[in-house]
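Chains as they are written, first to last, in the working numbering: chain A, 346 to 659; chain B, -13 to 472.
Hints in this document: simulated from the structure, not taken from any laboratory.
Each hint should be verified, as a subset may be incorrect.
Here are the simulated lysine to any residue pairs, SDA-like style, with alpha carbons at most 25 Å apart [stated by the list, open to error]:
| hint | chain 1 | residue 1 | chain 2 | residue 2 |
| --- | --- | --- | --- | --- |
| 1 | A | LYS358 | B | ALA145 |
| 2 | A | LYS497 | B | ASN(-8) |
| 3 | A | LYS415 | A | ARG457 |
| 4 | B | LYS(-11) | A | ARG448 |
| 5 | B | LYS126 | B | SER53 |
| 6 | B | LYS304 | A | GLU542 |
| 7 | A | LYS414 | B | LYS301 |
| 8 | B | LYS204 | B | ASN233 |
| 9 | B | LYS116 | B | THR62 |
| 10 | A | LYS414 | B | ILE136 |
| 11 | B | LYS4 | A | TYR436 |
| 12 | A | LYS419 | B | VAL(-6) |
| 13 | A | LYS476 | B | MET10 |
| 14 | B | LYS160 | B | PHE270 |
| 15 | B | LYS113 | B | ALA145 |
| 16 | B | LYS(-11) | A | GLU542 |
| 17 | B | LYS256 | B | PHE270 |
| 18 | B | LYS70 | B | SER53 |
| 19 | A | LYS497 | B | ILE136 |
| 20 | B | LYS301 | A | PHE359 |
| 21 | A | LYS497 | A | TYR436 |
If you want the footprint, here are the derived chain A segments under chain B, 3+ residues with CB under 8 Å [claimed, not checked]:
| hint | stretch |
| --- | --- |
| 22 | 375 to 382 |
| 23 | 397 to 411 |
| 24 | 441 to 455 |
Quantities reported herein were computed from a predicted structural model and do not represent experimental measurements.
From the three backbone atoms N, C-alpha and C, an ideal C-beta is built for every residue, glycine too.
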Amino acid sequence: MTPLLKIENLSKKFNGRTALDNISLEAYSGEVFGFLGPNGAGKTTTIKIITGLLDADSGNVQVNGFDVKKQFEKALENIGAIVENPELYGYMSGLQNLRQFRRIRSGVTEERIMESVRFVGLENRINDKVKRYSLGMKQRLGVAQAILHRPKLLVLDEPTNGLDPAGIKELRDMFKKLAHEEGVAIFVSSHMLFEMEMMCDRVGIINQGKLVDVKPIKELMEQAAGGGGTVYRFTVKPVEQALKIIASLEMPTESILEFNEQYFDLKVDNTETVIMINARLAAAGVGIMGVAPQEKCLEDIFMEITGGGGIQIA
Amino acid sequence: MRKLGNIVINEYIKILLKLSTIIMLIAVVLVAVGYNGLRFIQKRQEQRWAGSAYYESYDDIINRAKSEKYEGWEITVEASTFLKDNNITQKYNEDDYWINSAAHTMFEQKAMAKELLDAGDIAQAQKSQKLADNLNEAIKAKDWKAYNKINADTLEAVAADYKEDENVPLYESKEQLEIMLWAAKYQSEHEIPPFAGDWRYGLLNEVQANKSELIRLKGADPGEQDRKAIAAAEDALLISQYRLDNNIRVYTSKISGVINDNYNYEEGLKFWDVFTSSALGINFISVLIIIIAGSLISSEFSSGTVKYLLVNPVKRYKIFIAKYISLLTFAFLMLLIYYLFNILLSGIFFGFGDLGAPHLYVSGSKVLKGSSFLYVASKYLVSSVGMICMATFAFALSSVARSSALSIGLGIFLYLSGYGIVAVMSASKLDFGRYIIFSNLELNAIAEGMSIFKGQTLTFALAVIVVYMLVFLLTAWDGFVRRDVK
Chain A
346 MTPLLKIENL SKKFNGRTAL DNISLEAYSG EVFGFLGPNG AGKTTTIKII TGLLDADSGN
406 VQVNGFDVKK QFEKALENIG AIVENPELYG YMSGLQNLRQ FRRIRSGVTE ERIMESVRFV
466 GLENRINDKV KRYSLGMKQR LGVAQAILHR PKLLVLDEPT NGLDPAGIKE LRDMFKKLAH
526 EEGVAIFVSS HMLFEMEMMC DRVGIINQGK LVDVKPIKEL MEQAAGGGGT VYRFTVKPVE
586 QALKIIASLE MPTESILEFN EQYFDLKVDN TETVIMINAR LAAAGVGIMG VAPQEKCLED
646 IFMEITGGGG IQIA
Chain B
-13 MRKLGNIVIN EYIKILLKLS TIIMLIAVVL VAVGYNGLRF IQKRQEQRWA GSAYYESYDD
47 IINRAKSEKY EGWEITVEAS TFLKDNNITQ KYNEDDYWIN SAAHTMFEQK AMAKELLDAG
107 DIAQAQKSQK LADNLNEAIK AKDWKAYNKI NADTLEAVAA DYKEDENVPL YESKEQLEIM
167 LWAAKYQSEH EIPPFAGDWR YGLLNEVQAN KSELIRLKGA DPGEQDRKAI AAAEDALLIS
227 QYRLDNNIRV YTSKISGVIN DNYNYEEGLK FWDVFTSSAL GINFISVLII IIAGSLISSE
287 FSSGTVKYLL VNPVKRYKIF IAKYISLLTF AFLMLLIYYL FNILLSGIFF GFGDLGAPHL
347 YVSGSKVLKG SSFLYVASKY LVSSVGMICM ATFAFALSSV ARSSALSIGL GIFLYLSGYG
407 IVAVMSASKL DFGRYIIFSN LELNAIAEGM SIFKGQTLTF ALAVIVVYML VFLLTAWDGF
467 VRRDVK
């Protein structure tokens, strides 16, 4: 299968500072490809090069077989994009904004505009001026704009920014539907692992301009999980007594990651251990206010994948 | 091409949907209203001034003559008494105006006849008496045509036995006398009333004055002749003569600053007087256009919308060209709106009656007729050269600096002060100032040889403008098409 998006050896420097260092990756029709990295890792720079807003110092980008630099118009026929924030003309209505795009893209009908508007659920507010939109509505309009001409590749720069949880879920479902049912390739960047896990099929991890790893999201999550168990936060009283009981359980001392007067964080291998500790603490008369698994943060996973040492997280 | 057209449509929608643009369109209309309103006030004041002209009553004239006893006071007393007794007013109208001077001439001739008779020159005395009698008859019959004839005949007689030395005090030269004779004959033959309020009489005086002026200019020593002034006077004469022969009252012409005393204050400003000068208001419109030009590109950057503008299957240079086309066409659209509103408003304030007035111009010592509307349009175009140059400058700056405030500010500042800067350079003998664009924008003045720096030709000015425009556009191009969008 030929990739819809093919990035080869992309490098870019800004005033001598390396922003991208020899990045190569591919995204295929029908998949959601997550581009994961902390802020400042080079995600937006990559997206701007894919969309032709920036020129790479070296390397090239092909979209559906067309080189973005040499065959710009043909390549862009296949791209729909949101870059950074969805900044559209505030003094126009949503519809007027979409018509601006309609005039300069081929094959977009008035019907298609309304179809896209319904797809993002903006039909009730489409005649309002964009300056009166919430960030979430702007984000939806941005998506409507991106899918307007039925592109084969969607490039989305942190599309869930500013959305409420319900909106995020809706958007996620939209993207999955576009990819899995309509065969669109989706290249979506994010700095939140949790979000990636919910919608991506494969993930590329970028840090400090280098592509660290590319793998299916399942593998990544397993690796993250297998890298030393899950962290649970025990909110108990008194903490001191609880820690003594833990110590008596002959668990490795480094499994206690953090503690203070209110709680302690414990790394455990499986849920049975949590149940067992819970029972012991209760039997010893320790007051248990709460036991909750802690979301593994991206930073932790980076530490694990890159092997720690020398990695700075912006 | 279809896409380019669509981008232009997009740009127009952007320009028009911004509130500031609506305000600008209103401003254009207001400039037209303001200009015409001011000219209307001017007209009203001139009319009031003309209407309130003070006439000394006949009694006052007589009393003053009797007490001051200046030379010929008896004639004044006689004439004024006569006019008073016959109920002739001093008003500016067809009936009374000429009788005032006719009566004076009549009593002069009567007195002269008496003097000549005393001196024994009977032949001359009879001539004077005859003239006085003829005048008396014309006055009694209130027949200005007869008065015209008397004037023409009298001058003919004078010219017939004209002697250089004798007649010098009264008539400057034989040529000047001949001009007067020609005018008097023309007036008599063409039945032009001897009344300054009649436009043909005014025009006849204008032709006469133009002829005299030409003779005066040509009379200078060959080394000191002012060729430009002679050429201008020749053109002015051709046009005034053409109007007289063809009965053209209202007209437009680029000849100005030459003798033209055909302006009637009582009637006041007319449509074409006002409309032809309305190009003045283009200075205001230029400021508005510079504001649009200075934000056309930079506002896309400051609002972030440039990313969504560029992430489309359209090459950047097409967007650039479309933006510049939009700027130019919008500028001319504003001019067109201003032009049309001026026609409407000048018509409302000063009347629509003269719309068909021809434009007269001289080509190869022949007078040709053109359209006055086209003439004013061409004035607009020449006046808009500076506007287009500075709008392009602001456009280029906004593309490079990506800051609206800087582009608009500098654009307007230079537009308003550029001419002053080069004028100072010219006064300080800094000759390289001729290569600065502001020395070359007043194409009308340069064509007439009145450039800021001496010896500036139209070709030179156009070349300088083209070079500057190329530099502006290439800079703008580079800023927009080639640079990264960070």
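Tested hints:
1. In summary, the hint linking A/LYS358 to B/ALA145 is not supported, as the alpha carbons are separated by about 97 Å, beyond the 25 Å threshold.
2. At roughly 24 Å between alpha-carbon atoms, A/LYS497 and B/ASN(-8) fall within 25 Å of each other, so this suggested pair holds.
3. Restraint check for A/LYS415 and A/ARG457: not satisfied, since their Cα atoms lie roughly 29 Å apart, outside the 25 Å limit.
4. For the hint pairing B/LYS(-11) with A/ARG448, the CA-to-CA distance comes to about 7 Å; that is within 25 Å, so the pair holds.
5. As the CA atoms of B/LYS126 and B/SER53 are separated by approximately 30 Å, the hinted pair breaks the 25 Å bound.
6. A distance of roughly 41 Å separates the Cα atoms of B/LYS304 and A/GLU542; the hinted pair therefore is violated under the 25 Å criterion.
7. The hinted pair formed by A/LYS414 and B/LYS301 meets the criterion: a straight-line CA distance of about 10 Å does not exceed 25 Å.
8. Restraint check: the Cα-Cα separation between B/LYS204 and B/ASN233 comes to about 28 Å, which exceeds 25 Å; the hinted pair is violated.
9. Distance check on the hinted pair: B/LYS116 and B/THR62 sit about 20 Å apart at the alpha-carbon level, within 25 Å; holds.
10. For the suggested pair A/LYS414 and B/ILE136, the alpha carbons sit about 93 Å apart, so the restraint of at most 25 Å is broken.
11. Between the alpha carbons of B/LYS4 and A/TYR436 the distance comes to roughly 6 Å, so the proposed pair stays at or under 25 Å and holds.
12. A hinted pair counts as satisfied when its Cα atoms are at most 25 Å apart, and A/LYS419 with B/VAL(-6) qualifies at roughly 21 Å.
13. At most 25 Å may separate the alpha-carbon atoms for a hinted pair to count; A/LYS476 and B/MET10 meet this at roughly 22 Å.
14. Only pairs whose Cα atoms come within 25 Å are accepted, and B/LYS160 paired with B/PHE270 is rejected, the gap being roughly 53 Å.
15. Proximity of B/LYS113 to B/ALA145 is assessed by CA-CA distance (about 15 Å); at most 25 Å being required, the pair is judged to hold.
16. Straight-line distance between C-alpha atoms of B/LYS(-11) and A/GLU542 comes to about 41 Å, which puts the hinted pair past the 25 Å bound.
17. Proximity of B/LYS256 to B/PHE270 is assessed by CA-CA distance (about 24 Å); at most 25 Å being required, the pair is judged to hold.
18. For a cut-off of 25 Å, the pair hint linking B/LYS70 to B/SER53 stands: about 19 Å separates their Cα positions.
19. Between A/LYS497 and B/ILE136 the CA atoms are separated by roughly 100 Å; this puts the pair beyond 25 Å, and the hint is violated.
20. Only pairs whose Cα atoms come within 25 Å are accepted, and B/LYS301 paired with A/PHE359 is accepted, the gap being roughly 24 Å.
21. Simply put, A/LYS497 and A/TYR436 have alpha-carbon atoms about 30 Å apart, too far for the 25 Å limit, and the pair is violated.
22. Coverage of the stretch 375 to 382 of chain A by chain B is violated. Counting CB-CB distances below 8 Å, 0 residues qualify, and the rule asks for three or more.
23. Counting residues of the stretch 397 to 411 of chain A whose CB lies closer than 8 Å to any CB of chain B gives 4, which reaches the minimum of 3, so the coverage claim holds.
24. Note: the stretch 441 to 455 of chain A has 7 residues with beta-carbon separation from chain B under 8 Å; the three-residue rule is met and the coverage holds.
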